[in-house]
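Undergrad: Residues per chain, in single letters:
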Amino acid sequence: MNIQDIFLTLSDYWKKKGCYIAPTYDMEVGAGTMSPDTIFRVLGPKPYRVAYMQPSRRPTDGRYGDNPNRVQKHFQYQVILKPAPENSQQLYIDSLKALGIDLKKNFLSFEEDNWESPTLGAWGVGWQVMLNGLEVTQFTYFQQAGGIDLYPISLEITYGIERLGLFLEGKDNIYDLEWGGGISYRDLRYKEEYQFSAFNFKEANINSLQKTFELYEDEIKNLIEKKLYLPAYDYALKLSHIFNLLDARRAISITQRQKIILTIRNYVKDIVQLYLEDIK
Amino acid sequence: MSEYILEILVEDLPPSHLKIGLEQLKSKFEEELEKNRIEFEKIETIGTKRRLVVSVKGISESQKSEEEVILGPSKKIAYDENGEPTKAAIGFARSKGKDVEELEIIETPKGEYVGLKILKEKKETIEILKKIIPEIIDSISFPKNMKWNETGVLFSRPIRGFLSLFDKKIVNFEYANLEASNRTRGHRILADDEEITISKVSKYEESLKSNHVILRKEDRLSIIQSEIKKIEEELDIKIVENEELLDELVDMVEYPVAFTGTFSDEYLKIPFEIIEIFLKQEKRLFLSRNQLGELIGRFIGVADASEDAKPYIVKGFERVVRATLEDAKFFWENDLKLDLDQLFDELKGYSFEKKLGTYYDKTLRMEALAEEMIKDSEDDFKEKIKKAVKYSKVDQLTEMVKEFPALQGIMGGLYLKERGEDEVVWKAVYEQYKPQNLEDSIPSIYSGKILSLADRLDSLIGAFIIGMEVSGDKDPFGLRRLGNTIVKLLIEGELDFELLSLFEKSLNLYDNIEKSKEDLAATFLDFMEQRFRFYCTNFKNIDYDVLNAVLKTGFSNVYLDFQRAFSVQKTKQNENFRKLIISYKRVKNIVKGKEKFYFNEEGLVEKEEKALYDIFKAVEEEVLEEVKRRNFLKAEEILITLRPFIDAYFDSVMVMVEDEELKNNRIAMLQRISSLFEKIADFNEIIV
Chain A
1 MNIQDIFLTL SDYWKKKGCY IAPTYDMEVG AGTMSPDTIF RVLGPKPYRV
51 AYMQPSRRPT DGRYGDNPNR VQKHFQYQVI LKPAPENSQQ LYIDSLKALG
101 IDLKKNFLSF EEDNWESPTL GAWGVGWQVM LNGLEVTQFT YFQQAGGIDL
151 YPISLEITYG IERLGLFLEG KDNIYDLEWG GGISYRDLRY KEEYQFSAFN
201 FKEANINSLQ KTFELYEDEI KNLIEKKLYL PAYDYALKLS HIFNLLDARR
251 AISITQRQKI ILTIRNYVKD IVQLYLEDIK
Chain B
281 MSEYILEILV EDLPPSHLKI GLEQLKSKFE EELEKNRIEF EKIETIGTKR
331 RLVVSVKGIS ESQKSEEEVI LGPSKKIAYD ENGEPTKAAI GFARSKGKDV
381 EELEIIETPK GEYVGLKILK EKKETIEILK KIIPEIIDSI SFPKNMKWNE
431 TGVLFSRPIR GFLSLFDKKI VNFEYANLEA SNRTRGHRIL ADDEEITISK
481 VSKYEESLKS NHVILRKEDR LSIIQSEIKK IEEELDIKIV ENEELLDELV
531 DMVEYPVAFT GTFSDEYLKI PFEIIEIFLK QEKRLFLSRN QLGELIGRFI
581 GVADASEDAK PYIVKGFERV VRATLEDAKF FWENDLKLDL DQLFDELKGY
631 SFEKKLGTYY DKTLRMEALA EEMIKDSEDD FKEKIKKAVK YSKVDQLTEM
681 VKEFPALQGI MGGLYLKERG EDEVVWKAVY EQYKPQNLED SIPSIYSGKI
731 LSLADRLDSL IGAFIIGMEV SGDKDPFGLR RLGNTIVKLL IEGELDFELL
781 SLFEKSLNLY DNIEKSKEDL AATFLDFMEQ RFRFYCTNFK NIDYDVLNAV
831 LKTGFSNVYL DFQRAFSVQK TKQNENFRKL IISYKRVKNI VKGKEKFYFN
881 EEGLVEKEEK ALYDIFKAVE EEVLEEVKRR NFLKAEEILI TLRPFIDAYF
931 DSVMVMVEDE ELKNNRIAML QRISSLFEKI ADFNEIIV
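As they're listed, the protein sequences go chains A and B. For the first sequence, counting from 1, position 154 maps to 154 in the working numbering; every step adds exactly one. Going from the second sequence to the working numbering is simple: count from 1 and add 280.
What the hints contain is simulated information worked out from the structure, not anything from laboratory work. Any given hint could turn out to be false.
[Claimed, not checked] Computed from the model, here is a short list of chain A residues facing chain B with C-beta under 7 angstroms:
| id | residue |
| --- | --- |
| 1 | P68 |
| 2 | N69 |
| 3 | Q89 |
| 4 | I101 |
| 5 | L103 |
| 6 | K105 |
| 7 | N106 |
| 8 | F107 |
| 9 | F110 |
| 10 | G121 |
| 11 | N132 |
| 12 | G133 |
| 13 | I153 |
| 14 | L168 |
| 15 | D172 |
[Unchecked claim] With a straight-line Cα cutoff of 30 angstroms, these simulated DSS-like cross-link-like pairs (lysine-lysine) come out:
| id | chain 1 | residue 1 | chain 2 | residue 2 |
| --- | --- | --- | --- | --- |
| 16 | B | K628 | A | K259 |
| 17 | B | K628 | A | K202 |
| 18 | B | K489 | A | K105 |
| 19 | B | K874 | B | K897 |
| 20 | B | K509 | A | K104 |
| 21 | A | K97 | B | K402 |
| 22 | A | K259 | B | K682 |
| 23 | A | K211 | B | K682 |
| 24 | B | K402 | B | K344 |
| 25 | B | K634 | A | K211 |
| 26 | B | K337 | B | K448 |
| 27 | A | K104 | B | K628 |
| 28 | B | K367 | B | K308 |
| 29 | B | K337 | A | K104 |
| 30 | B | K308 | B | K489 |
| 31 | A | K269 | B | K634 |
| 32 | B | K400 | B | K449 |
| 33 | A | K238 | B | K628 |
| 34 | B | K563 | B | K595 |
| 35 | A | K104 | B | K489 |
| 36 | B | K480 | B | K449 |
| 37 | B | K483 | A | K269 |
| 38 | B | K670 | A | K259 |
| 39 | A | K259 | B | K754 |
| 40 | B | K595 | A | K97 |
Virtual Cβ for every residue (Gly too), placed ideally from N, Cα, C.
In isolation and in its complexed conformation, chain B is listed as follows (with noise of 0.2 angstroms):
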């Protein structure tokens, strides 16, 4: 068995490129290797930021033989009753360059055949590998891709060199002007970015090593790792963690050594959410804490580079880190010396959507939907949100804002933080993007909820008026997150509303409607159903039977809902409620598609259908006081109750029955329970 292995030599790939590139060159490679039955025993994509590497261990030397089949025409037309060649048969043969005696019977589904069974020439791995590689790179495709040289190929930056080795051997192709050869450079600084020549392919990564380059991921992750455990230990602090900076340095480097420098602790009266995306974004580096957890005025960064440097990259970046924080700080106080009634007044300049207004006009629209959220809360309350509302947008037009986007909201709620806001206002604000997708937690603070909500549904209702739509992977407006968030705001912020009022407050706060205000109902509750769906079964597993069951019955109030669908679920589970729906099933088979009756106590005859009716009417306040409690499990405990009765009443009460008053009695009995057990969910729908 041998080995094989390509690196792409390219100039610094961006760290998610890298990622990209690596997994569409190895599913790729697989795809290519057993599309031309190249056998192999294991396929690994490897790299940095200036290296796609795939390497193939145990790879066969050539391709795997197989057998091809070449039908021709049906045994009775190939031959004659005296069993002898037609002509058919013979210009068959003669058409592959075969002799009519070549020729075999060969067996299909549809008959017996005349046909050659031919062995596929075996090629030699090199050979296959040589045509397939420049196509397999020439399919990598990246979020931007770019152009370097006269051939036009496109790649995320340009590819300086291949090296393409099978054991000792070169497997030549030619690709965006470069020839693939066995060599490769090292680091750029630290090994003169010299060529090395890798004599076989088990010596490449040793190689790469001894020239300053770590080849995988995962050795340069604990590399770091382990050196930033020793600064915080010697230094006796704690690093801010982050991970995503984190994952992104470990693919900025070929050789990592950690470092540390400080700066003035008069940066630290700078809130920490501001100091910690200048330093991170601007300059990727972690803040630290010390002991009993405070800031303190010391960075931890990750350089490519060799310990020898580290003085002066410290001495570099102290420097630098001043004068960024020294920026900071500059917007900081400029920002706070902003007024931000007249910043709310500006906002009618700044457009949301061209058809829906300005800036301005959503946060009026807002207020509006907020005060219907809240219109049985507090007086005070209500004032707090109406002015978490109004200033909920203006950060908008701060130069922070404008250059940290990411801030947004944040930088809001810390203006009105430092004007002396009450928290319910300013967190408010600060936590109204969240949650930013349906890994992210919502708004701790009630005030926060009710904010993200509103501008959310604003948005998403508004989309719908003016025609937005999603259909199959289409989704350019991001409407589906926009939902997806709406529904896990509802259910984790435990937001018991009613989605349809809330809808008909938003469509009022729009005039000169074109679509009908149904019509638009009915697309919006459809629309948040599937979000519904979605989510819990993505998100809360819970069974589609069991979803089914609950929105059969109405989909009105997206926590209700949920609760109703969470404690089916759970209850599903239990023996005796399995048992229960297995004879609910028999009730709705009864009363399905039948018209309502009018029930007479007096008409119960038999014991088993009086027995049902005591424990039914017995039962029936508890369960309909449980549900209105919103207390749904208990409610099906009690429904258990009702399982031996309802058997015992099918297992000799016959209600189809010639007498048509007894008969429709019967059914409106069992409609009664029927319509009980459906203030939880038709458990029809439930897969038993």
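Just chain A, same shape as in the assembly (with noise of 0.2 angstroms):
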């Protein structure tokens, strides 16, 4: 089964369990979860389901396209289902066999990992699903976001679609699967991992970078008493990235990492605040 097919049977599958299929948000995040499809709509009491492919930047992760399983952008399918239904699991494993995993030939097996971001104040408590070994899904019960207590409680389940593919083909290499009409993952994105692997390492002006993170705090700052938590958050999705890029380059010691991250943080907590207030 080509990427594509991956996706595509998840959007099927989970349209069919009443998900809304979200258009992937227009902005580089490190996961599907700092989409505001998720972010906001996890808080407060309105239940909702929702599936969308989110592409996620990780710069350190960069490999300069030699790695046959580590890349600095991958493709993550997101599912919130608020409140998680009783049979979770259940509806997990059937949508594996949906993907046309025949689940009684091979080794199932969920691990404790327990999620946590400390940008975004938030956590869970779950497992990473592994099939044979390798990790192919997040799956969390959400417990806080923004640093509020959630209730309902939402389920999270994040797949890894380059992952899911390397199982399905038995293939070693990411760059070996094809995405889908007879175009392969190598042609798609090979020069993109190259080139910005280039970038997150070595071209990324670190100067530039600490500047541009202090002009969009004042932007935050402003947005924020503006009551405009909208773009304030996208402000402060650029401020991680922005974070992650210097911590590529190495630029960033213990200390201010913390001091970063809980900068950021309380933004993110301003932000969850008057999105509250506003659905109240």
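With the hints as a guide, dock the two chains, each given alone in a separate frame, to form the complex.
TA: See the structure below:
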């Protein structure tokens, strides 16, 4: 099964379970969780089901296209079920079956892995789901977001699309996967991985990143004051990405790291408060 | 007699939580059954990652009968002089819904009272269970708890069902929006996860087994062990044992099967420690060795699957292992390119503790402390220690250690080894975090002991300087563990150091200390003495009276103080020595609290006192010599020879005579004898 069949099958499966299939969010994010479709929607009392594909950037994971399964941009398939249904695990297992995986011939295991995002003030309890030792999904019962206790609890399922592709095709190297329509992952992504690795590790200008960080902070402060929490959140995402780039450039000491994480977390907290007031 | 079983069906529990859950479930069940007067023969808790099970065998069908006594007014108040019940008695009876004739006289330690003896109602066990089970489940707590539905109930992972059977009957209750039932589920994949109805308790385990669930941990373990053995024999290899991993795997599967696969020899160039942690921590796999004991490119794993799935599982794991080792290789090779001196400089930005500076500062302090410890060593060794200290913390900045904190120290050591550094240097860094706890071994190399001690002393003393404290059961900074491991390191590492001089050296490395140095020294020594007592009592089986005896004469050099305690503990078993202690107590009784007198040999009068002095003079030097050589056992043996002379002395010589000069001279001689004994311990403290 090629990449596009994987996300189309998942979309079809979750559509039938009542999810709204959201468009990809048009910002640089580290994970599907950071999309407003997750971080805002898990807050508040309203039931909600969504699924979407989200490209996710982790600059330090760049390997210039040399590593068979580490990339600085990968694709997540994100599902939010709010409230978490009683048959959560079974729904997930059925989605694997929909992908044509015969679980009786494989070793599926749920291994303890509690997810936490310090910048989002969010955490949850759950597992990494392993198929024959390959982590294919992160399965989390969301407990807090923006420092707020969640009620009701949402279930977050995050599939790693490339991982599923490797598993389904029995391949070792993600660049050997087929995306669809006769296009390979290599065709689409190899040059991008090479060039962005060079940017992340060597060319990104530390000085201008630091300056941009400050400029964007001003922007957020103003937006928060004007209660424009949606654009404010976009700028918080930008800060988070700049932080990741500075990290890849090894330009952040441990003490600074803590400080920056705290800074972003505090903005997100304010933003979340504004959102909650707004939906009251 | 009946049987009761409760199964809490849950989503996959972490192995450590399963253990904790079962322990709590057992003790709380026992407690509640006893409290509610329900008798039972045996209670046990068993389970898998998906089920916590309590089984109660031989449980009675109803509560044990019990009489309740309700006391009323005293007999004197209850009856008047004619023996007629008073208003008080009538009122009491009425308040309990009884006639005054039903009152009985009850003897109590405080005298006679009127009262009622009422047979408590005997409720059926099932009724009691209905009530207590939700409370028991509610009381269980885990290191990390979560919510999953609108009830807001907390547990390790979501609860998805209850099976609650008393013989054939369902014991109804409701908790977390779930009702108790007679249904459970089999293996999630192999049994299609459909519900199974259990008709009676005795069928429970059997039904699970036919649905691919091995309920008992010991059964799962023996399956895994025999499967691993089969692989070892077939391939003529030996698994690299790892009990911790095995223990975890047993609780991660309901239907275990072992499998094995290979990886390319090219990865064996990566240090063993790295291969092991990547495959163990990331993939939960065992490594293996050939008959020569060499590591080979073969792993062994345990899956929760059927035999038929094995070939697919192996193929999958072989791919995953290759990718993982590729990653390990990348980390290792990349970190090797790092300039250690540059990393050392980067420590300036890496905070150790807000008030105690960065790791760079800490490294400099450790260097000065280590220098003090080895000030009498050869220059060459000093240079090596200096180097080891300098690079001891740099590995914390590498990607490898950030990813696997358990590798700190180990990685630093490996980088230095790869750089061609001497064993004295790299192994010191490699072993610096030993002992992790009191069960762990200490560094094997002397330089490692020095580095480990310098690191710990710096942290502990730093903590005291900034006012961190241990009180009661609160010890947020792990100071006790730090102190304990320092004691262990000094004793087992045979490190003959004066605590106070190291303390002073350490203190001098700080400016702006707010507290008085004397107070700090007292706090530090007092703390260390407590850790010393703890360690000796719990890990060396030394009696508290022996510790009292030794510590009464001072606490300054942990290694020597331990040697003294150890020798006294040993000699204490010797009958002659016990007699000597009794004799010594007589000496101590006289000299205790007395001012110091000058001794004049000419002043000796009686035969027995001259004899005692002669023998004392003969052994004194010998004892001091043995003490100096740290040969305390020998010194004690020599002291034993004094016993008959001391006894003879007290049998015929009167110390507290009228003649002031004679008395003081006699006391002076006993003072000299006593002070010789106290080179080892104050034996007066020993209980004989």
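Undergrad: Report the numbers of all earlier hints that the structure fails to satisfy, in ascending order.
TA: Numbers 4, 10, 14, 21, 27, 28, 29 and 37, in rising order.
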